[in-house]
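The lines below spell out each chain.
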Amino acid sequence: MTPVLGSISLSLALGVAFISILLFSLFLKKSDYRFFIAGWRATVVVSALTILATLILLYELLLSNFDISYVAHYTSLETPTFYKITALWAGQSGSLLFWLFILSVYTLIVLYQYRNSYSKLMPWIIIVLVFVQIFFLILVNIVENPFMPTDADFVVINGNGLNPLLQNLTMAIHPPTLYLGYVGFTIPFAFAIAALVTKETGSVWIRSIRRWTLIAWLFQSGGIILGGWWAYQELGWGGYWAWDPVENASFMPWLTGTAFLHSIIIQEKKGLLKTWNMVLILVTFTLCIFGTFLTRSGVMSSVHAFAVSNLGPIFIVFIVIILVICIYLIISRLPYLKSEKRIESFTSRESGFLLNNVIFITICFAVFWGTIFPVLSEAVSGDKITVGAPFFNRVNIPIGLMLLFFTGVGPLLAWRRTSKDAFIRNFSIPIISGIAIFIVCLIFGIRNTTLISFPLTAFVFTAILIEFQRGINSRVTRFDESFLKALQTLIARNRSRYGGYIAHLGIVFMFIGFSGQAFDTELEFALKKGDSKIFDGYSFELVSIDPVERPNHIAWIAGINVWNLEKHLVTTLYPEKRVYFHLDPNPEKRQPHSELDIHTTIYKDIYSIFSGVDIEKQIAYLKIMINRLVYWVWFGGYVLIIGTMISLWPAKEY
Amino acid sequence: MNKKKVTIAVSTLTLLAVVWIGFVTFSPNQENPGMVRFLSLSEIQTVKENERIRLGGLVYPGSILISEKNQLECNFRLKQGEHSIPVLFTGTRPDLFKDDAEVIVEGNYIDGAFVADQLQTKCASRFEGELRNEASYNTESI
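Residue numbers (our numbering), protein chains in the order written: chain A, 1 to 654; chain B, 1 to 142.
Treat each hint with caution, since some may be false.
Heads up, simulated DSS-like pairs for lysine-lysine below, C-alpha to C-alpha not over 25 Å straight-line [unchecked claim]:
hint, chain 1, residue 1, chain 2, residue 2
1, A, K269, A, K341
2, A, K529, A, K420
3, A, K120, A, K29
4, A, K533, B, K69
5, A, K338, A, K120
6, A, K199, A, K30
7, B, K48, A, K384
8, B, K98, B, K69
9, B, K3, B, K48
10, A, K120, A, K199
11, B, K5, A, K341
12, B, K5, A, K420
13, A, K269, B, K5
14, A, K533, A, K617
15, A, K341, B, K4
16, B, K5, A, K338
17, B, K79, A, K384
18, A, K567, A, K533
19, A, K341, A, K199
20, A, K269, B, K3
21, A, K199, B, K3
22, A, K29, A, K199
23, B, K4, A, K269
24, B, K48, A, K529
25, A, K617, B, K98
26, A, K338, A, K269
27, B, K3, A, K420
28, A, K199, A, K269
29, B, K48, B, K69
30, A, K338, B, K4
31, A, K269, A, K120
32, A, K338, B, K3
33, A, K528, B, K69
34, B, K3, A, K341
35, A, K617, B, K5
Some chain A residues flagged as far from chain B (calculated, every beta-carbon gap over 10 Å) [said to hold, decoys possible]:
hint, residue
36, T2
37, L28
38, K30
39, W40
40, A172
Since the hints were derived computationally from the structure, they do not count as laboratory data. Computed from a predicted model, the values in this text were never measured in an experiment. Virtual Cβ for every residue (Gly too), placed ideally from N, Cα, C.
In isolation and in its complexed conformation, chain B is listed as follows:
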């Protein structure tokens, strides 16, 4: 077996690999492509029908409403600068979800509201608040 054959074999395989990755990336009509657009609220009118999108922003303080009947259902407003949009989410909320939390939601934009099936809070391994100007609550309040 000469060097040429090896080169041909390896390049064929490489080509196949590239074609495959390209196909998965750009093939249309996928039900759940894993690739979704990350939009800002000012661009939300560009959403195509049934398109899954992602939005990022802050939770509008005081806007979290948890359904009395089902605690898994929750409404809140997502704020991006001056824009904001109502979001409906059903499911387990992340522990860090609260007023002013930085969140990312994924789902569909339907009639002016966003129905999310995914809700993530940012930075689970980050815990970098401002320092407290007060003594330890443990030593004082217990």
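Just chain A, same shape as in the assembly:
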């Protein structure tokens, strides 16, 4: 009975969504406020029905009702309760419903946030949100219904279970975090379209969406970092970013979103770049939909791709509709998007922001180009080409380093123009520290990209510190505050600015981590119990291979003592070779899985993978990687998140 209820709520939601659009059209035509109220309520109903449907699916997952195909495919009786919940977004139809669920929650928040403050934008904002809801409602109603009954011609007693790779806490949080980001950009998009339609293109809409954009951006960043973290901990290839199409899909809207976050600052402060900002947010949303399309359609081969499905054409139609509407609106509203002022000098902060935008868009375009190149190439020359990490690295490293450089330069530039004196005053210390690090690198014989990246990180780091120090100094002299008190009030009173600088610090730390890759080493070898192998300054001694049986798998655990060359024990690593579903009578269903073990310090990670085992001869096949400075990627990620949260926090009224 209940599953039917889920299906019905989804169908009802679709119907009511159309009614809601109709009511708003009537309101816009007749200006009768009662139609607006009715439309508003209809939208609440649509969102509530969607949320209800999601809760019903969740309930069925928890009950293990294998009569529903989705439940049978993604959970089994043995799946721990927590992962029964996460199975909600493990598969195609569930994740589409989950997308819709988040959109509905966001929609409800917007509806209630502005319920007493009607503006001309409001009906259009809601229309856009409902329009996006309709698209996803069509998907979950007609194309991929999560409540489809099981089509097996037997009674399913136990389901398939969730992939062991996904049974991991990070993997449980990574997709929803990313979704909160992807879906979050719908709100600024809706405001942008509403502003264009109503010709209210001033700074009102920009101010209302700053926080929404930051929230979406925060989740997008967090989701991407968590994905990298999961890949590093679970997948066992020693890296965190592979330039896989699906990773690129999440990275592209992040790039344009970041550009947008920066350039709305100048629209707010100077009334510049209005058209540009419109283009950016429209592109960001389109890329979010494009990203969902890449993930869900199976067009690109990818580790992330789900089953090849018939979602592709529908998504393409939706993307084309969005693009046509956006392009039409922007062109027809160009007269309303004129800048109020203009950029006065190349050495102004305004032009710094402009440059920052150009760089972000360039990276985004390079990533986009590499991602769709296989499709283009096949269409043009018939050659199927795959584009791998070396291409993306080669293209993006120089641009990324430029971006890093301007992260340091931008905040030191003054609005309108920077005088020569100020230039020397602001830049001398950062430049000196950059040069100092450069010389140190030269002395240590560093000759790869890090010869450029390390000095740059030093330059930017000092530049940001100087920015803080100036603010603190002026408070200390003006208000006679202590250093810490001054720092605290400085941040508290300019949250968005100093939060932003802290986020920049996070980026600097992450760049240190990325640079470390240039020094990574790895070795694959066989080791007999009792023997040891010397590699990259360490001696690896295999002390044990122990079999262990656990509830849903068996594991062989290798005990490896890691000694440094001074014969001190650094750590003992315990990578595991597991076989899940080992009791399954059908060997096809048994699934091997390597659980790696990592020893982390701020300088390097010792990363161990147990590739294979020969029990009779007591030989373990191991892969050891020494990954430099990876810690800084995660640490920088934390700092980035904290900085963004500071920016987001509502300012106290003084």
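With chain A's structure known, arrange chain B on it following the hints.
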């Protein structure tokens, strides 16, 4: 500074960016371009000397041979419809590598065999087998 100057600056930068991306895409003589052709077995004769290529296909059931001396060395046949080709791979095999698994290999085609230095199995986050017509092994067999 007038609008023209800004336009010129931005278009110059854009042009530079496009030229750079184009250069990386089409510049010849790269050691590791990151762009490799994805061939089907019927096209394998078109391989140029020393060209890195990718092949996709299924692991021929029963063809996986793991060297006794070194478990990291492995031979198998890659099947694409009626065609198949022997593949030699040395390294850590992915967990999902087994008979009939869908794999992608990258490496060089040498004298009728494929020497791969990369082996990927498809769809790590996919776990969509046919449903089992049997009771839980956990509740019955333990």
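To see whether the hints hold, each was checked on the structure:
Our distance criterion of 25 Å between C-alpha atoms is met by K269(A) and K341(A), whose separation comes to about 10 Å. Taken as a hint, the K529(A) and K420(A) pair is broken in the structure, with Cα atoms around 68 Å apart against an allowance of 25 Å. Of the supplied pair hints, the one linking K120(A) and K29(A) holds, its CA atoms being roughly 13 Å apart against a limit of 25 Å. Between K533(A) and K69(B) the CA atoms are separated by roughly 17 Å; this keeps the pair inside 25 Å, and the hint holds.
Distance check on the hinted pair: K338(A) and K120(A) sit about 21 Å apart at the alpha-carbon level, within 25 Å; holds. Restraint check for K199(A) and K30(A): satisfied, since their Cα atoms lie roughly 19 Å apart, inside the 25 Å limit. Between K48(B) and K384(A) the CA atoms are separated by roughly 15 Å; this keeps the pair inside 25 Å, and the hint holds. A threshold of 25 Å between alpha carbons decides the hint, and for K98(B) with K69(B) the separation of about 20 Å falls inside it, so the pair holds.
The straight-line distance between the Cα atoms of K3(B) and K48(B) is roughly 51 Å, outside the 25 Å bound, and the hint therefore fails. For the proposed pair K120(A) and K199(A), the alpha carbon gap of about 10 Å is at most 25 Å, so the pair holds. Distance check on the hinted pair: K5(B) and K341(A) sit about 15 Å apart at the alpha-carbon level, within 25 Å; holds. At most 25 Å may separate the alpha-carbon atoms for a hinted pair to count; K5(B) and K420(A) meet this at roughly 21 Å.
Distance check on the hinted pair: K269(A) and K5(B) sit about 22 Å apart at the alpha-carbon level, within 25 Å; holds. Distance check on the hinted pair: K533(A) and K617(A) sit about 17 Å apart at the alpha-carbon level, within 25 Å; holds. The suggested pairing of K341(A) with K4(B) holds, with an alpha-carbon distance near 14 Å, which does not exceed 25 Å. For the hint linking K5(B) to K338(A), the alpha-carbon distance of about 17 Å falls within 25 Å, and the restraint holds.
Proximity of K79(B) to K384(A) is assessed by CA-CA distance (about 18 Å); at most 25 Å being required, the pair is judged to hold. Distance restraint check for K567(A) and K533(A): the Cα-Cα separation of roughly 13 Å lies within the 25 Å cut-off, and the hinted pair is therefore satisfied. Only pairs whose Cα atoms come within 25 Å are accepted, and K341(A) paired with K199(A) is accepted, the gap being roughly 19 Å. For the proposed pair K269(A) and K3(B), the alpha carbon gap of about 19 Å is at most 25 Å, so the pair holds.
At most 25 Å may separate the alpha-carbon atoms for a hinted pair to count; K199(A) and K3(B) meet this at roughly 24 Å. As the CA atoms of K29(A) and K199(A) are separated by approximately 17 Å, the hinted pair is consistent with the 25 Å bound. Pair hint K4(B) plus K269(A) holds up; C-alpha atoms about 22 Å apart against a cutoff of 25 Å. Between K48(B) and K529(A) the alpha-carbon distance is near 45 Å, which puts this suggested pair outside the 25 Å criterion.
Proximity of K617(A) to K98(B) is assessed by CA-CA distance (about 23 Å); at most 25 Å being required, the pair is judged to hold. For a cut-off of 25 Å, the pair hint linking K338(A) to K269(A) stands: about 15 Å separates their Cα positions. Between K3(B) and K420(A) the CA atoms are separated by roughly 23 Å; this keeps the pair inside 25 Å, and the hint holds. Our distance criterion of 25 Å between C-alpha atoms is met by K199(A) and K269(A), whose separation comes to about 20 Å.
Restraint check for K48(B) and K69(B): the C-alpha separation of about 33 Å exceeds 25 Å, so the hint is violated. Restraint check for K338(A) and K4(B): the C-alpha separation of about 15 Å stays at or below 25 Å, so the hint holds. Restraint check: the Cα-Cα separation between K269(A) and K120(A) comes to about 23 Å, which is no more than 25 Å; the hinted pair holds. Only pairs whose Cα atoms come within 25 Å are accepted, and K338(A) paired with K3(B) is accepted, the gap being roughly 12 Å.
The suggested pairing of K528(A) with K69(B) holds, with an alpha-carbon distance near 12 Å, which does not exceed 25 Å. Note on K3(B) and K341(A): the hinted pairing holds, with a Cα-Cα distance of about 10 Å set against a maximum of 25 Å. About 74 Å separates the Cα atoms of K617(A) and K5(B), which puts this hinted pair outside 25 Å; it is violated. At roughly 21 Å from the closest C-beta of chain B, the C-beta of T2(A) stays outside 10 Å, upholding its exclusion from the interface.
With a closest Cβ-Cβ approach of about 36 Å to chain B, L28(A) is found to remain outside the 10 Å limit, as its non-interface label requires. The Cβ of K30(A) lies farther than 10 Å from every Cβ of chain B, with a closest approach of about 43 Å, so its non-interface assignment holds. The beta carbon of W40(A) is kept farther than 10 Å from every beta carbon of chain B, the shortest such distance being approximately 39 Å. No Cβ of chain B comes within 10 Å of the Cβ of A172(A); the nearest lies about 13 Å off, and the non-interface call holds.
Hints 2, 9, 24, 29, 35, counting from the list given before, are not met by this structure.
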